[in-house]
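Top line first, the protein sequences correspond to chains A and B. For the first sequence, position 256 matches number 256 in the numbering used here, and the numbering has no gaps at all. Take any residue in the second sequence, note its place counting from 1, add 1000, and you have its number in the numbering used here.
These are calculated hints, taken from the structure and not from any lab test. Among the hints, a few may not be true.
To be verified - With a Cα cut of at most 30 Å, we get these calculated DSS-like pairs of lysine-lysine:
1. B:K1226 <-> A:K316
2. B:K1101 <-> B:K1114
3. A:K226 <-> B:K1101
4. A:K119 <-> A:K5
5. B:K1106 <-> A:K255
6. B:K1226 <-> A:K275
Unchecked claim - Pulled from the structure, derived: some chain B residues nowhere near chain A, Cβ distances all over 12 Å:
7. D1033
8. E1068
9. R1078
10. E1120
11. T1141
12. D1145
13. D1213
14. K1275
15. E1289
16. A1299
17. V1327
18. I1340
Stated by the list, open to error - DEER-style ranges, computed between Cβ atoms:
19. A:R285 <-> B:R1017: 26 to 32 Å
20. A:N7 <-> B:E1023: 50 to 56 Å
21. A:S66 <-> B:Q1297: 46 to 52 Å
22. B:A1123 <-> A:A332: 54 to 60 Å
Glycine included, C-beta positions come from ideal geometry on N, C-alpha and C.
2 protein chains.
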Amino acid sequence: MFTIKWNGDSVTILDQRLLPMQEVYNTYRHFRDVADSIRNMETRGAPAIGIAAAMGIALAALTVASNEIENFKEEMNRICQIFAGTRPTAVNLFSAIGRMKKIIEKGNDISQIKQQLEKEALAVYQEDIEANKAIGRNGRTYLNDGDVVLTHCNAGALATGGYGTALGVIRAAIEEGKKIHVYACETRPYLQGARLTTWELSRDNIPVTLITDSMSGHFMRTGIIKKVIVGADRIAANGDVANKIGTYTHAVLAKENGIPFYVAAPVSTLDPDTKSGNDIPIEERSVDEVVFIRNEQIAPEGIFIRNPAFDVTPAKYITAIITEKGVVENPASSGIGKLIKS
Amino acid sequence: MFTIKWNGDSVTILDQRLLPMQEVYNTYRHFRDVADSIRNMETRGAPAIGIAAAMGIALAALTVASNEIENFKEEMNRICQIFAGTRPTAVNLFSAIGRMKKIIEKGNDISQIKQQLEKEALAVYQEDIEANKAIGRNGRTYLNDGDVVLTHCNAGALATGGYGTALGVIRAAIEEGKKIHVYACETRPYLQGARLTTWELSRDNIPVTLITDSMSGHFMRTGIIKKVIVGADRIAANGDVANKIGTYTHAVLAKENGIPFYVAAPVSTLDPDTKSGNDIPIEERSVDEVVFIRNEQIAPEGIFIRNPAFDVTPAKYITAIITEKGVVENPASSGIGKLIKS
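With the rest of the complex left out, here is chain A (with noise of 0.2 Å):
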């Protein structure tokens, strides 16, 4: 099993729309596809999309027809701005857009910027997992032997070049021999939760209970759940965290319940041009994602209905963000600065 795979001259991605009914890869040899994917949420995870936004625009570098330098410049700047347009909340994407970007716009011969782009590519996919190891080791402390942990969405191998933010941290505990047993919220609409992390973490052994997002509550509030951990697709200045919607509201219980609720992420995910969580721009997804569940529709026609893909949790409902190049603990009260600087 992989999320995505850098081919040389094609992008292999896990189709995480057919998951867990359906393991299919499919092999896009045009930007266009790769963009598309992201897009329709073939790939997602904020680290993921990052990587596929890099890839994307490498493989795109090697089919620009031009010869002349600035032609060339202004194709590639012209895709990278399909990128940055497929989804808006998740700012890996951008950070990933950006690193690419700074090669074409330094670079003064063709053929080098595409195999620079290429390595870059591949760069920003091996730190990724290097990232997420860390973020594991950094963050398996915080988790005891025995405890039962709450988390929501994907934020596992699927959601990035593999082993995962939050699920890393539970696979490094795990590791350690920590018996740990994840509570895994099904996470409507998309069902990231039932379809993937369940699907990731039976894969590995790693015992797992779905429940409905609206059973958190009730587990943490009968002494179930001792922790709760999820990912993050943007961390804003002060430490307010955009993540999949019901976060939030997972957040609000656990302080009410006296639970520790950690978020993990790679310093990608920082945005310190973002002062808050006000600041964020919430993607609103299309009404189908909630009125149809595969075939079967669930609502009746002629009513409104919402579907904000994120929510924002401000930074004094979490206990810590464990990130590759150490942990804030606390939030609220230092904002995410100690991480920019190092």
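Put chain B on the given structure of chain A with help from the hints.
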């Protein structure tokens, strides 16, 4: 449209499992079919299952063959037990059965008991509709013109004899000229909000927006939702409320965001014999309700799954309990004693 109807020698029940795509009514001549209808959630909602049980017991009496009074009573008590075993959490079921049992105990003429049981079942039904209207009158003052009101599950006409408890308050506010917009949580796993509340409200031209359960916090934090109102399956002596799974979560979120949280229910939902929420039995239903949405399987095999159908909201989160006999504001300080005595 109606939820349940007595036909003299049969009971007609709207099959709520097929809504909103199909509006199918089934007519049953045998009490066992009515009991199954409660068990398998063809009909649901605490007040409605009380009515269904009363009608089912009246129906059973018509078909009990015995001409010997003690045999008849024994057989009827056995049938009452069958209804008591259909669902464990809603106390209206047991209060309706209790009313029927009292008639059976006191009676000494079989044909007279049969007539009285029919009359009592119709009284349970009629009183419920009247109670809902009175709940509406007592509760509408808490909703303001222009309010966006969140509700969970379906505490509407479909959950009662008609009109509804939580939705009855909304209907009553609208009837006195207030503009109310309802946010309906879809209410996983059984989707009563998506399937029933949206259907029922849009038939009455009450504007309704469907959201997933995981979105309520987001729309509270961002100032959209102004009030929360839900029904109840059992209210303990200390004011703790058992209601559809997810209710506790909305209540915590409401408190955190300074939003009033109301519970609307008939006094048949009050259970002075249950000291606190900890003493309320919580039904755990089939895991298939979580894993299958109609014919679509949404999670892999070989994982654990939990499916508690209800949760407990401690009284401290409740702004007021609204009944047909009056309102208890701040039930955490006073309990429900005032309503029991009246």
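Tested hints:
For the hint pairing K1226 (chain B) with K316 (chain A), the CA-to-CA distance comes to about 23 Å; that is within 30 Å, so the pair holds. Distance hint between K1101 (chain B) and K1114 (chain B) is fulfilled; the C-alpha atoms sit about 12 Å from each other, no more than 30 Å. Using a Cα cut-off of 30 Å, the hinted pair K226 (chain A) and K1101 (chain B) is violated, with the two alpha carbons roughly 45 Å apart. The suggested pairing of K119 (chain A) with K5 (chain A) holds, with an alpha-carbon distance near 13 Å, which does not exceed 30 Å.
Annotation: proposed proximity of K1106 (chain B) to K255 (chain A) is violated, straight-line Cα distance about 54 Å (limit 30 Å). Taking the CA atoms of K1226 (chain B) and K275 (chain A), the gap is near 27 Å; set against the 30 Å cutoff, the hint holds. With a least CB separation of 27 Å from chain A, D1033 (chain B) remains clear of the 12 Å interface cut-off, as annotated. No Cβ of chain A comes within 12 Å of the Cβ of E1068 (chain B); the nearest lies about 49 Å off, and the non-interface call holds.
With a cut of 12 Å on Cβ distances, R1078 (chain B) stays outside the contact zone with chain A, its closest approach being about 35 Å. No beta-carbon of chain A is positioned within 12 Å of the beta-carbon of E1120 (chain B); the least distance is around 36 Å. With a minimum CB-CB distance of about 26 Å to chain A, T1141 (chain B) clears the 12 Å threshold, and the non-interface call stands. Residue-level check passed: D1145 (chain B) sits 19 Å from the nearest beta carbon of chain A, beyond 12 Å.
Not every beta carbon of chain A lies more than 12 Å from that of D1213 (chain B), the smallest distance being close to 4 Å; the non-interface claim is violated. No beta-carbon of chain A is positioned within 12 Å of the beta-carbon of K1275 (chain B); the least distance is around 17 Å. Interface exclusion of E1289 (chain B) from chain A breaks down, the closest Cβ pair being 9 Å apart, not more than 12 Å. With a least CB separation of 4 Å from chain A, A1299 (chain B) falls inside the 12 Å interface cut-off, contrary to its annotation.
Residue-level check passed: V1327 (chain B) sits 26 Å from the nearest beta carbon of chain A, beyond 12 Å. Annotated as non-interface, I1340 (chain B) keeps its C-beta farther than 12 Å from every C-beta of chain A; the closest such distance is 26 Å. Checking the proposed 26 to 32 Å range against R285 (chain A) and R1017 (chain B) shows it holds: the Cβ atoms sit about 28 Å from each other. For the pair N7 (chain A) and E1023 (chain B), the supplied restraint of 50 to 56 Å holds, since their beta-carbon distance comes to about 53 Å.
S66 (chain A) and Q1297 (chain B) have their C-beta atoms about 49 Å apart, which keeps the hinted 46 to 52 Å range intact. Under the hint 54 to 60 Å, the C-beta atoms of A1123 (chain B) and A332 (chain A), about 57 Å apart, fit the expected range.
When each numbered hint is compared with the structure, violations occur for hints 3, 5, 13, 15, 16.
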